[in-house]
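Residue numbers (UniProt numbering), protein chains in the order written: chain H, 1 to 460; chain Y, 1 to 659.
By construction, these hints were calculated from the structure, which means they are not laboratory data. Any given hint could turn out to be false.
[Stated by the list, open to error] Rough simulated footprint, nothing fancy, chain Y against chain H, three-plus residues with beta-carbon under 8 Å: (1) 152-158; (2) 173-181; (3) 259-272.
[Said to hold, decoys possible] When the alpha-carbon atoms are kept at most 27 Å apart in a straight line, the in silico BS3-like pairs for lysine-lysine are as follows: (4) K459/Y with K276/H; (5) K275/H with K381/Y; (6) K276/H with K449/Y; (7) K459/Y with K431/H; (8) K53/Y with K198/H; (9) K381/Y with K276/H; (10) K216/H with K381/Y; (11) K216/H with K453/Y; (12) K188/Y with K316/H; (13) K143/H with K381/Y; (14) K139/H with K260/Y; (15) K480/Y with K276/H; (16) K459/Y with K275/H; (17) K465/Y with K276/H; (18) K260/Y with K132/H; (19) K192/H with K118/H; (20) K459/Y with K363/H; (21) K275/H with K480/Y; (22) K118/H with K453/Y; (23) K459/Y with K480/Y; (24) K235/Y with K91/Y; (25) K235/Y with K260/Y; (26) K60/H with K204/H; (27) K292/Y with K216/H; (28) K275/H with K465/Y; (29) K228/H with K198/H; (30) K209/Y with K180/Y; (31) K221/Y with K210/Y; (32) K453/Y with K292/Y; (33) K143/H with K453/Y; (34) K427/H with K260/Y; (35) K275/H with K449/Y.
The beta carbon of each residue, even a glycine, is placed where N, CA and C say it ideally should be.
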Amino acid sequence: MQKINRNVVLALLSLTSLVFLLFQLCYYKFYLSQKNGAAFSKVRGSQSGQDSTRWHVVRKFLGLISSHNIPVYLIDPLILGLVDKDIEQIKSSPDGPSPECKYFCAPRDFTTFALLDKTWKHEVGLFRTAEKMGFQWLKIINKDPRLDGMDDLSGMEIPLHYIFKLSSHAIHLVVFYERSGNFLWHGPLRLKQHMDRKFVPFRKLHFGRYPGAYEKPELLLVSIDDLKVQIPKNPSSFLEDMLHSRFLECRYREARAFFQLYPDDASLEAVEFRKKAKSLLHLAALTLNNLGVKFWLSSGTCLGWYRQCNIIPHSKDVDLGIFIRDYKADIIPAFQKAGLPLKHKFGKVEDSLELSFQGDDVKLDIFFFYEEDDHIWNGGTQAKSGKKFKYLFPKFTLCWTEFVELKVHVPCETLQYVEANYGPEWKVPVKTWDWKSSPSNVQDNGVWPVDEWDNVIQIY
Amino acid sequence: MDEWKPNPTVKPHKKRSWYLAWKYKLMNQRALRKLCQTGAVLFLLVTVIVNIKLILDTRRAAYEEEEESAQDYDDEMLNVEVPRHPVNNKKVLDVEVYSSRSKVYVAVDGTTVLEDEAREQGRGIHVIVLNQATGHVMAKRVFDTYSPHEDEAMVLFLNMVARGRILIFTIKDEGSFHLKETAKNVLKSLGSQVAPFLSWRDMWTFVGKKGGEVYGEKHAKSPALSTWGDPVLLKTEVHLTSVEDAECHWPDTELNRRRKRFCSKVEGYGSVCSCKDPTPIEFNPDPLKDNKVFDVPVAVIAGNRPNYLYRMLRSLLSAQGVNPQMITVFIDGYYEEPMDVVELFGLSGIQHTPISIKNARVSQHYKASLTATFNLFPDAKFAVVLEEDLDISVDFFSFLSQSIHLLAEDDSLYCISAWNDQGYEHTAEDPSLLYRVETMPGLGWVLRKSLYKDELEPKWPTPEKLWDWDMWMRMPEQRKGRECIIPDISRSYHFGIVGLNMNGYFHEAYFKKHKFNTVPNVQLKNVESLRKDNYETEIHRLLGEAEVLDHSKNPCEDSFVPDTEGRVYVMFIRMEQEADFTTWTQLAKCLHIWDLDVRGNHKGLWRLFRKKNHFLVVGVPASPYSFKKPSSVTPIYMEPPAKEEGAAAVPAVAAAEQT
Numbered sequence: 001m002q003k004i005n006r007n008v009v010l011a012l013l014s015l016t017s018l019v020f021l022l023f024q025l026c027y028y029k030f031y032l033s034q035k036n037g038a039a040f041s042k043v044r045g046s047q048s049g050q051d052s053t054r055w056h057v058v059r060k061f062l063g064l065i066s067s068h069n070i071p072v073y074l075i076d077p078l079i080l081g082l083v084d085k086d087i088e089q090i091k092s093s094p095d096g097p098s099p100e101c102k103y104f105c106a107p108r109d110f111t112t113f114a115l116l117d118k119t120w121k122h123e124v125g126l127f128r129t130a131e132k133m134g135f136q137w138l139k140i141i142n143k144d145p146r147l148d149g150m151d152d153l154s155g156m157e158i159p160l161h162y163i164f165k166l167s168s169h170a171i172h173l174v175v176f177y178e179r180s181g182n183f184l185w186h187g188p189l190r191l192k193q194h195m196d197r198k199f200v201p202f203r204k205l206h207f208g209r210y211p212g213a214y215e216k217p218e219l220l221l222v223s224i225d226d227l228k229v230q231i232p233k234n235p236s237s238f239l240e241d242m243l244h245s246r247f248l249e250c251r252y253r254e255a256r257a258f259f260q261l262y263p264d265d266a267s268l269e270a271v272e273f274r275k276k277a278k279s280l281l282h283l284a285a286l287t288l289n290n291l292g293v294k295f296w297l298s299s300g301t302c303l304g305w306y307r308q309c310n311i312i313p314h315s316k317d318v319d320l321g322i323f324i325r326d327y328k329a330d331i332i333p334a335f336q337k338a339g340l341p342l343k344h345k346f347g348k349v350e351d352s353l354e355l356s357f358q359g360d361d362v363k364l365d366i367f368f369f370y371e372e373d374d375h376i377w378n379g380g381t382q383a384k385s386g387k388k389f390k391y392l393f394p395k396f397t398l399c400w401t402e403f404v405e406l407k408v409h410v411p412c413e414t415l416q417y418v419e420a421n422y423g424p425e426w427k428v429p430v431k432t433w434d435w436k437s438s439p440s441n442v443q444d445n446g447v448w449p450v451d452e453w454d455n456v457i458q459i460y
Numbered sequence: 001m002d003e004w005k006p007n008p009t010v011k012p013h014k015k016r017s018w019y020l021a022w023k024y025k026l027m028n029q030r031a032l033r034k035l036c037q038t039g040a041v042l043f044l045l046v047t048v049i050v051n052i053k054l055i056l057d058t059r060r061a062a063y064e065e066e067e068e069s070a071q072d073y074d075d076e077m078l079n080v081e082v083p084r085h086p087v088n089n090k091k092v093l094d095v096e097v098y099s100s101r102s103k104v105y106v107a108v109d110g111t112t113v114l115e116d117e118a119r120e121q122g123r124g125i126h127v128i129v130l131n132q133a134t135g136h137v138m139a140k141r142v143f144d145t146y147s148p149h150e151d152e153a154m155v156l157f158l159n160m161v162a163r164g165r166i167l168i169f170t171i172k173d174e175g176s177f178h179l180k181e182t183a184k185n186v187l188k189s190l191g192s193q194v195a196p197f198l199s200w201r202d203m204w205t206f207v208g209k210k211g212g213e214v215y216g217e218k219h220a221k222s223p224a225l226s227t228w229g230d231p232v233l234l235k236t237e238v239h240l241t242s243v244e245d246a247e248c249h250w251p252d253t254e255l256n257r258r259r260k261r262f263c264s265k266v267e268g269y270g271s272v273c274s275c276k277d278p279t280p281i282e283f284n285p286d287p288l289k290d291n292k293v294f295d296v297p298v299a300v301i302a303g304n305r306p307n308y309l310y311r312m313l314r315s316l317l318s319a320q321g322v323n324p325q326m327i328t329v330f331i332d333g334y335y336e337e338p339m340d341v342v343e344l345f346g347l348s349g350i351q352h353t354p355i356s357i358k359n360a361r362v363s364q365h366y367k368a369s370l371t372a373t374f375n376l377f378p379d380a381k382f383a384v385v386l387e388e389d390l391d392i393s394v395d396f397f398s399f400l401s402q403s404i405h406l407l408a409e410d411d412s413l414y415c416i417s418a419w420n421d422q423g424y425e426h427t428a429e430d431p432s433l434l435y436r437v438e439t440m441p442g443l444g445w446v447l448r449k450s451l452y453k454d455e456l457e458p459k460w461p462t463p464e465k466l467w468d469w470d471m472w473m474r475m476p477e478q479r480k481g482r483e484c485i486i487p488d489i490s491r492s493y494h495f496g497i498v499g500l501n502m503n504g505y506f507h508e509a510y511f512k513k514h515k516f517n518t519v520p521n522v523q524l525k526n527v528e529s530l531r532k533d534n535y536e537t538e539i540h541r542l543l544g545e546a547e548v549l550d551h552s553k554n555p556c557e558d559s560f561v562p563d564t565e566g567r568v569y570v571m572f573i574r575m576e577q578e579a580d581f582t583t584w585t586q587l588a589k590c591l592h593i594w595d596l597d598v599r600g601n602h603k604g605l606w607r608l609f610r611k612k613n614h615f616l617v618v619g620v621p622a623s624p625y626s627f628k629k630p631s632s633v634t635p636i637y638m639e640p641p642a643k644e645e646g647a648a649a650v651p652a653v654a655a656a657e658q659t
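Just chain H, with the same shape it has in the complex (with noise of 0.2 Å):
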């Protein structure tokens, strides 16, 4: 009996597990199928050349909001990419039909798409005939950066993104702003907790990962695949720009917990050295930017954006940062046409460069950053004995912000930053500063070869 017992049970268990793992089987197919349906769907577009429902859904996103006169324009990388190559041809024939489709048959999950926020009055019955015509739409809000600066205003939250979603394609429109410092943003894409994350894969978006800075676009009608969209009108220098777009927000909160423990100077020096400061900022950003040079904001300069969004008036001179390769050697000439006579230069192109212009009453310090495999450095020399300095920084990529009304750049990593330059104890402002030694980053670096003084120590 037990011999019998044991077989049945070995035949029951095995044919169980034949069921089971069949049924595991279908599961795990069903599950892939559906978890890489855009993978598959890609594969069948390949073998019939064109995936037409994203073309359709795109045709009948336009027609949306082109029937509530909302002006979009196309910023979706990857046909930006293809329309860029095609450019020439493009803009010559704006408005032959294609014999192919080209552009938006490529099957994505997503097309995107852009909207100035003042060019359209708020959604007054647009998401009404968006469902309607199908479509299922998720809009993303949140709190305005442009009050968030100041002092207790709250304002109604702003749209951010929407999302349209028609059978497997979704249209992702991104919502521009313009701020001060003529730029445009747009604002980081975050789900509210009761909002469906599944809704789309929200992984696969272009935009929206951080919020972003952009240039002003100048835009420019063309027919692609039979559709009438706007463009950049240089798509290059639009999909450059978004590669390095990212924004970051002042510490508008920390900063006015730092001004509730020390507060703001408001006395006239300091209100007169904070305009100052401020016009030799939009001089010098006028004068970089023109040249082409990347900059950032430095030193003092930097920790008055970090701890107190502001310029801090007992800093004396306004400070940024360029990186060594960026050097050209038109930037002298350039300020000095710019109405800034060099003050001084330390230092070679090859090592510890720094410039200093002379502006009004307020001094601009340049200072050159060289790239090590696991630091970036510059350089400090004392004009009297030749000393040399080094300043070690933590490696660090560049962010945009708004500051002063001005669209500059600040190191993304700022915290690092801050900290190499001014230690732990950033946050208490100190009046008296001694940039050879008061840095806790700063190392000894020899002293210059007195032969090569008078060309690495140059004061005017």
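On the provided structure of chain H, position chain Y as indicated by the hints.
Relative to chain H, chain Y alone:
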């Protein structure tokens, strides 16, 4: 399965070989069986492993997907699910109303919706309006019917309340002294038995439905003139109706949805919530041709005077050339009702946490509002600044559109204002005429961004300084000799009676008779002559043409100016130096124009109208135009009266002036 059993009947000797063979076979079979069993076990093992792997795989994949779709995109602030209010199925509200000399309160279902025990405040009849379906408070008012005319305001208010709303009344201190017959009759018509006989220092509470039943009334008579009636406490129940009954059935449009939201929340706005034929909330005034101010942001500075804001926005949105998208209403404080008004009109509103007190609070609110305006519209070169207690003229934007280029091009200008301080019914005539004045009138004006960003914002008075922002802006350190452009006939009208520096008497004396333009599309005259140098030429031309009045007559008398029309007259007053306004102030007083401080002057010259004649006043010898005075004429000097009289009139403004 194939179980082996020895067969007892088999004879062993005969079948040994068979047995052996069978045994051998059997052994083979056992091996097979073993094989089968092992195979099955192995198979099972494999299944288990595959299963485990599959489970792990799918779980990881599922987890990844979850991560993928959300991780980077989660809102940092985890919004805690707000517990929803339980659906209110309750049909009955418990209402408690208390009336006494020093305290009133009203509680609905145990929640205090009104409590006032402040001293020297809140005297009169308190009225609360509840929504008959939800029980929410829709309006709260107090009418000081001890004072004159307040009963008329109450009647007006009660007439505006929609039928079916629940009304709660209670008296604090005294509410009958100026409660006239009309008002008593209205209360009686609401079902009050006591109202017609309310008398001096009686205490009274009443709860009833407009046009319907009475839920309760209590009254305590004052026993003597010098004492108050005993406190009364009324406890009663109110039966709620269904939501449908409490709403109007307007066609379902975007506009009506806004209207519905508004009308279910607040009361006291009259016909906007009337079920039949409600007043429109969208105005679509004619656009302006070549509108130069279409893209100029408009900041409306508001406090908690929602009825004023309502009136103001109506007139603003009706002005030709208005661009609603550029309008932002800044509300000083987290008040709901002003925000409801803003949303009714589909505009955007921003609330501001109040900082500091009194004048400084207003001043901080101005600063925040102006900064926010230029942040929200970074392209704007100007901003129009309005207040919630102004009517806006139909040609307000047309006026600005024709003059704004001057502000852009002429550095000697400080602002353009829609308000002429001296533009009263009897002193303003010409809607197409503009002036340059050294004072900043405010009350609807245009601010240049560069002026604000470079000069005003960085040194704006800090919260601890109790300064009026406008007084501060008028100080020479800020104004730096620049002037404002104003129209002869104001393009705004100041209707506010309640306010920080404002009361009924003051309004009556200085604002009520102000002239306000109602003509659309006025073509402004000779705008270019308002530029700095052109204006001097213009003044010289005017003075050259002007007839000198008879200086032996009393300038306060009507006969001082001949009974003509359309002529230009000039008079000369004594003005020893630039800041000597002794005679001017007396003249302004007797002409019944603004005399609380000096307004509307340009280099010692004032321009206004008398009897439809242009009337120029030149201060001699301080004014550079003094040379026009014929040597035979002695400038008129008017003595100021005894001091206390002048100071006592309006302490609020006088005090503000001194700062």
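Here is how each hint holds up against the structure:
no. : hint               : in the structure
1   : 152-158            : holds (count 5)
2   : 173-181            : holds (count 4)
3   : 259-272            : holds (count 3)
4   : K459/Y with K276/H : 14 Å, holds
5   : K275/H with K381/Y : 19 Å, holds
6   : K276/H with K449/Y : 18 Å, holds
7   : K459/Y with K431/H : 22 Å, holds
8   : K53/Y with K198/H  : 25 Å, holds
9   : K381/Y with K276/H : 21 Å, holds
10  : K216/H with K381/Y : 18 Å, holds
11  : K216/H with K453/Y : 23 Å, holds
12  : K188/Y with K316/H : 75 Å, violated
13  : K143/H with K381/Y : 25 Å, holds
14  : K139/H with K260/Y : 24 Å, holds
15  : K480/Y with K276/H : 20 Å, holds
16  : K459/Y with K275/H : 11 Å, holds
17  : K465/Y with K276/H : 26 Å, holds
18  : K260/Y with K132/H : 24 Å, holds
19  : K192/H with K118/H : 25 Å, holds
20  : K459/Y with K363/H : 23 Å, holds
21  : K275/H with K480/Y : 18 Å, holds
22  : K118/H with K453/Y : 22 Å, holds
23  : K459/Y with K480/Y : 14 Å, holds
24  : K235/Y with K91/Y  : 17 Å, holds
25  : K235/Y with K260/Y : 32 Å, violated
26  : K60/H with K204/H  : 22 Å, holds
27  : K292/Y with K216/H : 23 Å, holds
28  : K275/H with K465/Y : 23 Å, holds
29  : K228/H with K198/H : 31 Å, violated
30  : K209/Y with K180/Y : 22 Å, holds
31  : K221/Y with K210/Y : 25 Å, holds
32  : K453/Y with K292/Y : 22 Å, holds
33  : K143/H with K453/Y : 24 Å, holds
34  : K427/H with K260/Y : 51 Å, violated
35  : K275/H with K449/Y : 15 Å, holds
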